[in-house]
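All chains should be modelled from the sequences, with the hints used to inform the complete structure.
From first to last, the protein sequence lines are chains A and B.
Per my numbering, residue 1 is the first one in the first sequence, and the count goes up by one each step.
Per my numbering, residue 533 is the first one in the second sequence, and the count goes up by one each step.
No lab work stands behind these hints: they were computed from the structure.
Just so you know, not all the hints are guaranteed correct.
To be verified - Distance condition first, Cα-Cα at most 27 Å in a straight line; then the derived DSSO-like pairs of lysine-lysine:
#1 Lys413/A x Lys193/A
#2 Lys539/B x Lys287/A
#3 Lys101/A x Lys539/B
#4 Lys302/A x Lys271/A
#5 Lys119/A x Lys101/A
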Amino acid sequence: MSLLSIQNLTLSIHSFDILHDVSFNIDAGEIVAITGESGSGKSMTALAAMQLLPQGAQTTGRVMLGDDDLTQRSEAELCAMRGNDIGMVFQEPMTALNPVKTIGDQVAETILIHEKTTKAEAHKRAADTLTRVGLPQPRFPLSRFPHELSGGQRQRVVIAMAIALRPRLLIADEPTTALDVTTQAQILELLVKLAREDGMGLMMITHDLAVVAAMADRIIVMRKGEVVEQGDTARLLHDMQHPYTKMLFAASSHEVTLPDITATEPLLEVKNVCRDYRTPRKTLFGKPGSFRAVNNVSFELKRGERLGLVGESGCGKSTLTRALLGLEPIEEGSITLCGEPVFTGTKPNLAVRRHMQVVFQDPYGSFNPRHRVSRQITEPFHLLDTPPTGAERQQVIDEALIAVGLTPADADKYIHEFSGGQRQRIAIARALIIRPDLILFDEAVSALDVSVRAQILDLLAELCETHNLSYLFISHDLSVVRTITDRVLVMKSGEIVEQGQTEDVFTNPQHPYTKTLIEAAPVLPDLKGATT
Amino acid sequence: MIRYTLKRLLSLVISLAVASVVIFTVIEVAPGDPASFMLGLNAQPETLAALRTELGLDASKLERYVTWITGMLSGDFGTSYTYRTPVADMVTQRMWVSVPLAVYALALSTVIAFPAGIYAAARRGRAGDVGVMSATQLGVAIPNFWFAMMLVLLFAIKLRWFSAGGFVGWDKGLFAGLHSLTLPAIALALPQAAILARVMRSALLDVLGEDFMRTARAKGLTARQALWRHGLRNAMIPVLTIIGLQFSFLLAGGIIIEQVFYLPGLGRLIFQSISARDLIVVESVTMLLVFAVIFVNFTVDMAYAAVDPRLRART
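Okay, here's the thing in structure tokens:
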């Protein structure tokens with residue numbers, strides 16, 4: 001008998017269909033990955049297994065834990081089961097812990113809810129569990145608060161809470177999506193180890209197919225609330241049946257061919273740039289301290305070149321990007337575009353700014369919802385002395401939209417009428433409209449589903465051909481940087497530790513940090529099934 | 533935590549110093565000479581000059597500021613121009629009405645608002661929530677002086693449970709004192725309770741949507757347990773802010789209610805002193821109220837730190 005057996009599960013919330021006829025099993029000690037793009041119903045499947053569905057949810061079908069049908073249990077019985085028989089780990093470690101309670105109290109709480117034991121005993125067991133997930137005593141005392149820990153350490157606390165009572169089933173919903181690659185590798189290793197040691201069933205929900213391929217015994221692919229394909233990892237990877245599965249894997253390892261660089265004159269020159277941030281005063285009247293976020297960074301970007309910038313969170317990527325855009329002053333060094341300084345005195349140089357545009361990560365937050373697309377994408381016009389008007393303006397708008405694969409009719413629509421991928425196209429149109437010399441892509445494809453990401457990467461390659469783009473592509477995603485750039489910079493703790501031709505750096509990294517980074521990044525195996 | 537406290541204390545002292553200069557300057561700039569006001573329009577210039585010397589009005593501004601501040605620090609608030617009695621005595625007398633009234637009203641407001649807010653948040657969108665929210669809407673909308681008069685009509689005139697006004701004094705016993713403050717306290721508390729309940733509800737709803745509440749449920753806590761153990765303390769920050777503001781308001785802002793119930797409180801004292809150009813009283817009482825407000829804010833800051841460990845770590 002399976003540990004968890006979901007049979008013909010159909011779920012609707014306020015008569016809106018979410019899941020349709022979902023069936024699968026998880027055995028004890030088995031690691032099963034559920035994957036799919038956003039809106040596929042992965043997370044709702046997990047919540048249905050916990051019976052923690054939002055208000056207004058209606059289900060049919062059965063959720064069997066052993067021979068218990070959870071859909072027939074009362075709320076009190078479910079509470080006794082959650083945390084005890086099934087543990088759950090969530091995506092966002094920064095917010096998954098209560099900020100006003102100590103980590104010891106939070107781990108001990110799981111034990112105290114389900115077992116009649118003393119507080120002291122529960123704390124002792126909490127300490128043992130924290131040690132087990134890699135937060136040994138006394139280095140990580142129980143009295144720590146969540147804000148005193150890093151993201152990876154917080155995720156370990158969440159895992160400790162979930163496994164404190166050695167549940168039969170552990171559900172992990174995108175447990176590493178918010179973490180850096182090196183931390184991700186450690187957390188995944190920990191989850192696999194715990195599952196194997198305790199003979200736990202592990203339901204792993206993730207959109208990252210490379211992660212799936214590396215750790216799962218079995219894979220379930222979902223799309224629009226339905227299971228389209230499931231099977232043992234080895235078999236599924238080499239013999240995919242469903243076109244959607246094939247498309248998904250193909251899109252994940254999507255590669256583009258960039259046109260060769262034509263010109264070689266320098267466009268952006270960054271010399272010995274340093275950027276300091278003030279830190280709080282150490283004493284009441286003492287001088288505030290300072291933290292060097294960007295330290296002595298120098299590089300050059302030639303016209304027509306596609307440069308990548310990789311590094312983990314907090315390494316100074318975003319600070320450097322803001323400094324390049326003239327949004328922040330720098331303490332030392334110089335940044336010039338076409339030989340002109342980005343900063344004149346303490347103010348950004350507008351004459352230079354009109355040669356530079358940026359595309360941000362979040363396709364939802366980077367647009368004003370009250371403006372039409374025509375107004376959104378013409379915003380950079382304020383940088384021009386004589387912006388086009390009338391018919392000429394209309395023509396520029398049309399050209400920009402067509403260039404990114406939209407139609408001129410889209411100009412009159414509002415932003416909520418577009419999907420995430422279309423919004424990112426509009427963001428690119430906004431950057432293109434004044435024909436800048438340089439575009440900065442700040443994690444521009446990180447929030448997109450793999451199939452959409454593949455389309456945007458194709459679009460960029462196409463624009464390199466038609467518009468002779470030069471760009472700086474900032475990302476934590478190594479596989480994307482590898483295909484979309486000619487040269488790459490690796491940043492760590494505010495410094496560039498390695499730079500070189502992208503392919504050289506990836507195949508033969510020199511700096512130990514680059515090696516760690518590349519080793520930690522999960523890679524999709526060579527796939528025969530993914531052909532489309 | 534010690535550094536946090538020291539920093540708050542320092543900011544308290546600086547705020548008080550700045551406030552004292554502002555109050556002194558504003559009252560100096562305000563038109564109206566207390567001496568000529570006291571003696572009337574037909575006063576002889578010599579008498580006027582003599583009175584000004586007696587009141588200390590002919591000294592330089594800096595001298596008068598220093599005398600005022602050092603006096604206040606040693607508990608000597610000067611002598612009222614009109615009543616010819618020490619301001620300290622007058623203020624003390626009034627404080628024995630205003631402070632208990634404010635505390636009483638705030639306690640009532642909190643006792644009503646907390647359960648109402650928590651109840652509404654736990655039943656979001658259901659009949660209970662709609663009921664509480666409608667009641668608070670009404671509470672915010674009704675002018676408190678009108679409500680005070682309705683209370684008098686019902687409880688004092690019709691039912692005769694309370695007296696219609698005045699304060700019997702604490703020498704008649706705690707119960708008698710509280711009894712005569714009950715109607716004014718209710719009149720003051722109800723609109724405040726309505727606001728506080730709404731804040732409590734929305735703060736709790738924000739917290740209920742947080743990820744850690746879902747984590748708490750995944751551990752096996754019931755919805756109610758999760759609300760009490762993880763929700764409430766996180767929702768306290770905005771609630772404490774409002775409570776602090778309300779206490780400051782209740783201390784001096786009860787002037788209309790004091791008028792309706794003939795209570796000898798601080799609000800009425802200020803009002804009468806302004807009408808009589810009794811500047812030394814106005815100055816001193818204003819300064820005292822400013823001190824009370826700043827001190828309440830300091831207490832609220834301390835309460836924040838007690839509730840939220842992240843603030844303790846910050847400087």
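- Just pull the numbers of the violated hints for me, sorted ascending. The structure conflicts with hint 1 only, although it agrees with all the remaining ones.
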